[in-house]
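J.: What follows is each chain in one-letter form.
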Amino acid sequence: MSEEARQESGGQTSSSTGLVVVLWALVLIPLAWGVYQTLLGVVALFAGG
Amino acid sequence: MATIGFLSSERSIAGPGFNRWLIPPAALMVHLSIGEVYAFSVFKNPLVERFGTGLTPIAIIFSISIVMLGLSAAVFGTWVERAGPRAAMFTAALCWSGGFVVSALGVATTQLWLVYLGYGVLGGIGLGIGYISPVSTLIKWFPDRPGLATGLAIMGFGGGALIASPLSSTLLGAYASNPVDAIVPSFLTLGAVYLVSMMIGAFVVRLPAEGWQPEGWTPPTEEETSDLQTTADVSASSSIRTPQFWMLWTVLFCNVTAGIGVLEQASPMIQDYFSGITAAAAAGFVGLLSLANMAGRITWSSTSDYIGRKPIYMVYLGVGLVLYFVLAAFGASSLVLFLLVTVVILSFYGGGFATIPAYLKDMFGVAEVGAIHGRLLTAWSCAGVAGPLIINAIADYQIAAGRTGADLYTLSLYIMVGVLAVGFVANLLVRPVDPRFHMESGSEREPEKESTASGQAAGSES
Chain A
8 MSEEARQESG GQTSSSTGLV VVLWALVLIP LAWGVYQTLL GVVALFAGG
Chain B
12 MATIGFLSSE RSIAGPGFNR WLIPPAALMV HLSIGEVYAF SVFKNPLVER
62 FGTGLTPIAI IFSISIVMLG LSAAVFGTWV ERAGPRAAMF TAALCWSGGF
112 VVSALGVATT QLWLVYLGYG VLGGIGLGIG YISPVSTLIK WFPDRPGLAT
162 GLAIMGFGGG ALIASPLSST LLGAYASNPV DAIVPSFLTL GAVYLVSMMI
212 GAFVVRLPAE GWQPEGWTPP TEEETSDLQT TADVSASSSI RTPQFWMLWT
262 VLFCNVTAGI GVLEQASPMI QDYFSGITAA AAAGFVGLLS LANMAGRITW
312 SSTSDYIGRK PIYMVYLGVG LVLYFVLAAF GASSLVLFLL VTVVILSFYG
362 GGFATIPAYL KDMFGVAEVG AIHGRLLTAW SCAGVAGPLI INAIADYQIA
412 AGRTGADLYT LSLYIMVGVL AVGFVANLLV RPVDPRFHME SGSEREPEKE
462 STASGQAAGS ES
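Each protein sequence line maps, in turn, to chains A and B. Read in order, the letters of the first sequence are residues 8 to 56 in the working numbering. Read in order, the letters of the second sequence are residues 12 to 473 in the working numbering.
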């Protein structure tokens with residue numbers, strides 16, 4: 008593999024890792040909020056049930 | 012159906028070095044969006060007030076969308092397989108968001124039929140196409156862990172309701188002092204949010220290049236696989252002629268019928284079982300079941316990669332059967348027992364949904380698994396009618412007979428034990444597919460051509 012190709016490949020890997028992090032954050036943050044909101048309701052079951 | 016150039020499967024082949032862990036969040040973008048359908052009840056009361064009608068005409072909106080989900084997944088499954096995930100996700104995004112816009116118009120002009128057409132028909136088509144769109148792509152990217160991959164995506168369908176429910180309540184409260192006046196802007200906001208989210212998924216998703224394999228993984232040979240894991244492929248049109256397809260249809264139908272029966276009646280059920288439970292605590296119980304449903308999708312589906320698909324369905328249906336019996340016989344004796352049993356039952360319900368694509372891949376191969384999955388989802392539509400019908404009809408009958416409390420549900424739960432027993436036997440009868448249904452080795456290499464041919468055949472049949 009040429010130096011140029013190696014650099015290009017390395018750049019692609021680091022940018023795709025960044026994209027993976029961003030995309031997972033985009034789905035996990037709202038999901039975590041939804042789970043948290045649901046858990047607040049579940050607390051009522053054990054507190055007031 | 013032609014596909015615009017940049018949406019075609021040829022234009023969405025991944026380049027070298029593409030990270031396959033981009034695919035699950037792309038799939039989740041779609042499933043978290045369409046999972047909103049399970050939170051539609053938030054709009055029920057404002058819609059009843061807006062249209063000045065009873066609960067039933069409003070409940071029909073949800074029913075139409077679920078029936079359309081099954082029908083469109085079955086009808087468009089072959090097209091989804093042929094056109095590729097990007098075109099399918101793009102179409103699903105337009106239909107699902109368009110459904111909200113048409114419904115907003117219906118609410119603004121007080122035309123209920125427009126809501127049926129928008130959220131029910133158009134949105135339902137978006138649900139069906141969106142639900143199956145990432146399935147075969149995930150299986151192709153994760154041949155080493157298909158259960159984990161499809162479990163991740165289908166978990167999103169359960170998780171979508173957890174986001175949409177508080178989000179919709181917040182929107183209804185934020186746009187106007189009276190929730191009735193906030194329906195239109197809330198629908199438009201949700202439509203816009205889901206359009207963006209699903210489009211991100213559509214543009215991120217890629218198909219693996221021909222011959223791509225995960226690093227360090229080689230496909231198992233015929234000797235290395237179990238009897239129930241084929242290395243061949245079966246076309247979608249051939250699959251429905253096999254007994255295995257109908258056994259799995261029965262398995263899914265029974266698992267969903269039993270689970271949906273409890274899910275649909277969860278709030279009144281816990282209050283009838285335990286007199287001290289308040290409405291707020293009952294809502295918390297519904298939330299707990301939603302969490303169990305979502306967690307079961309990823310947990311059990313991933314477990315199936317290790318213990319096999321047939322054994323995990325033995326657990327869903329066999330252990331589920333015992334748990335329904337325990338619920339019917341002893342559920343009223345202890346709140347803790349009631350909660351434990353229902354939580355596990357709902358985790359099996361979710362697990363059943365999430366594991367079925369991997370089971371289909373094991374039985375019919377990967378070439379047209381998305382289209383086969385689409386056809387199998389008609390079991391969901393049928394169960395969506397059968398489950399609530401059994402529970403509600405028997406509860407009405409028991410009320411008329413003067414029974415109260417847990418007695419309202421005992422008979423239904425015993426019927427569900429029988430339903431699960433039927434599913435258990437169907438799963439037990441699953442055997443490898445007869446090789447005469449396998450695609451020719453040439454078409455195994457070129458599923459695209461085979462898909463096109465079967466797609467045309469399906470089109471001409473319909």
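Note that these hints are calculated values from the structure, not bench results. Incorrect hints may have been included.
[What the hints assert, rightly or not] So the derived label-pair ranges between C-beta atoms look like this:
id: 1; chain 1: A; residue 1: THR24; chain 2: B; residue 2: ALA291; range: 17 to 27 Å
id: 2; chain 1: A; residue 1: THR24; chain 2: B; residue 2: ARG22; range: 56 to 66 Å
id: 3; chain 1: A; residue 1: THR24; chain 2: B; residue 2: GLN240; range: 43 to 53 Å
id: 4; chain 1: B; residue 1: ASP418; chain 2: A; residue 2: VAL28; range: 28 to 38 Å
id: 5; chain 1: A; residue 1: TRP40; chain 2: B; residue 2: ALA291; range: 37 to 47 Å
id: 6; chain 1: B; residue 1: ILE410; chain 2: A; residue 2: VAL29; range: 45 to 55 Å
id: 7; chain 1: A; residue 1: VAL28; chain 2: B; residue 2: THR289; range: 16 to 26 Å
id: 8; chain 1: A; residue 1: THR24; chain 2: B; residue 2: GLU275; range: 17 to 27 Å
id: 9; chain 1: B; residue 1: GLY227; chain 2: A; residue 2: VAL29; range: 39 to 49 Å
id: 10; chain 1: A; residue 1: VAL29; chain 2: B; residue 2: PRO446; range: 41 to 51 Å
[Said to hold, decoys possible] Pulled from the structure, derived: some chain B residues nowhere near chain A, Cβ distances all over 12 Å:
id: 11; residue: GLN122
id: 12; residue: LEU159
id: 13; residue: VAL204
id: 14; residue: ILE211
id: 15; residue: TRP228
id: 16; residue: ARG252
id: 17; residue: THR253
id: 18; residue: ALA290
id: 19; residue: PHE296
id: 20; residue: LEU300
id: 21; residue: VAL433
[As the list claims (entries may be wrong)] Interface residues of chain B toward chain A, partial, derived using beta-carbon atoms under 7 Å:
id: 22; residue: LEU33
id: 23; residue: ILE174
id: 24; residue: PRO177
id: 25; residue: ALA397
id: 26; residue: PRO399
id: 27; residue: LEU400
id: 28; residue: PRO443
id: 29; residue: PRO446
Bear in mind that the values here come from a model prediction, so they are computed numbers and not experimental data. Don't be surprised by glycine CBs; every beta carbon is placed ideally from N, CA and C.
J.: So, for every hint listed, does it hold in this structure?
T.: Going through the hints against the structure:
1. Distance hint check: the CB atoms of A:THR24 and B:ALA291 are about 44 Å apart, inconsistent with the given range 17 to 27 Å.
2. In this structure the supplied range 56 to 66 Å is violated for A:THR24 paired with B:ARG22, their Cβ-Cβ distance being about 24 Å.
3. For A:THR24 and B:GLN240, the hinted distance range of 43 to 53 Å is not satisfied, since their beta carbons lie about 32 Å from each other.
4. One distance hint, 28 to 38 Å for the beta-carbon pair B:ASP418 and A:VAL28, is violated here, with the actual separation near 54 Å.
5. Taken as a hint, the range 37 to 47 Å is violated for the pair A:TRP40 and B:ALA291, whose Cβ atoms sit roughly 20 Å apart.
6. B:ILE410 and A:VAL29 have their C-beta atoms about 53 Å apart, which keeps the hinted 45 to 55 Å range intact.
7. In this structure, A:VAL28 and B:THR289 break the distance hint of 16 to 26 Å, their C-beta atoms being roughly 42 Å apart.
8. The given range of 17 to 27 Å is broken by A:THR24 and B:GLU275, whose C-beta atoms sit roughly 43 Å from each other.
9. For B:GLY227 and A:VAL29, the Cβ-Cβ distance of about 27 Å falls outside the hinted range of 39 to 49 Å, so the restraint is violated.
10. For the pair A:VAL29 and B:PRO446, the supplied restraint of 41 to 51 Å holds, since their beta-carbon distance comes to about 46 Å.
11. Listed as outside the interface, B:GLN122 is consistent with that label: its C-beta sits roughly 32 Å from the nearest C-beta of chain A, beyond the 12 Å cut-off.
12. Interface exclusion of B:LEU159 from chain A stands, the closest Cβ pair being 15 Å apart, more than 12 Å.
13. Not every Cβ of chain A is farther than 12 Å from the Cβ of B:VAL204; the closest lies at roughly 10 Å, contradicting the non-interface assignment.
14. The non-interface label for B:ILE211 is inconsistent with chain A: the shortest C-beta to C-beta separation is roughly 7 Å, within 12 Å.
15. Its beta-carbon lying about 19 Å from the closest one in chain A, B:TRP228 satisfies the requirement of being farther than 12 Å from that chain.
16. For B:ARG252, the non-interface assignment is confirmed: its Cβ lies about 38 Å from the closest Cβ of chain A, beyond the 12 Å cut-off.
17. With a closest Cβ-Cβ approach of about 36 Å to chain A, B:THR253 is found to remain outside the 12 Å limit, as its non-interface label requires.
18. Residue placement check: B:ALA290 does not keep its beta carbon more than 12 Å from all beta carbons of chain A (closest about 10 Å).
19. Against chain A, the non-interface label of B:PHE296 is violated: not every CB pair exceeds 12 Å, the least being about 5 Å.
20. With 12 Å as the threshold on Cβ separation, the claim that B:LEU300 sits away from chain A is violated: the shortest Cβ distance comes to roughly 10 Å.
21. The Cβ of B:VAL433 lies farther than 12 Å from every Cβ of chain A, with a closest approach of about 33 Å, so its non-interface assignment holds.
22. Annotation: interface hint on B:LEU33 holds; nearest CB of chain A at approximately 6 Å, less than 7 Å.
23. Because the beta carbon of B:ILE174 sits about 4 Å from the nearest beta carbon in chain A, less than 7 Å, this interface hint is met.
24. This hint holds: B:PRO177 has a C-beta 4 Å from the nearest C-beta of chain A, less than the 7 Å allowed.
25. Interface restraint check for B:ALA397: the shortest CB-CB distance to chain A comes to about 27 Å, outside 7 Å, so the restraint is violated.
26. Given the 7 Å rule on beta carbons, the hint for B:PRO399 is violated: about 22 Å separates it from the nearest Cβ of chain A.
27. Interface restraint check for B:LEU400: the shortest CB-CB distance to chain A comes to about 28 Å, outside 7 Å, so the restraint is violated.
28. Because the beta carbon of B:PRO443 sits about 37 Å from the nearest beta carbon in chain A, more than 7 Å, this interface hint is broken.
29. Contact between B:PRO446 and chain A, as hinted, is not supported at the beta carbon level, the nearest pair being about 40 Å apart and thus beyond 7 Å.
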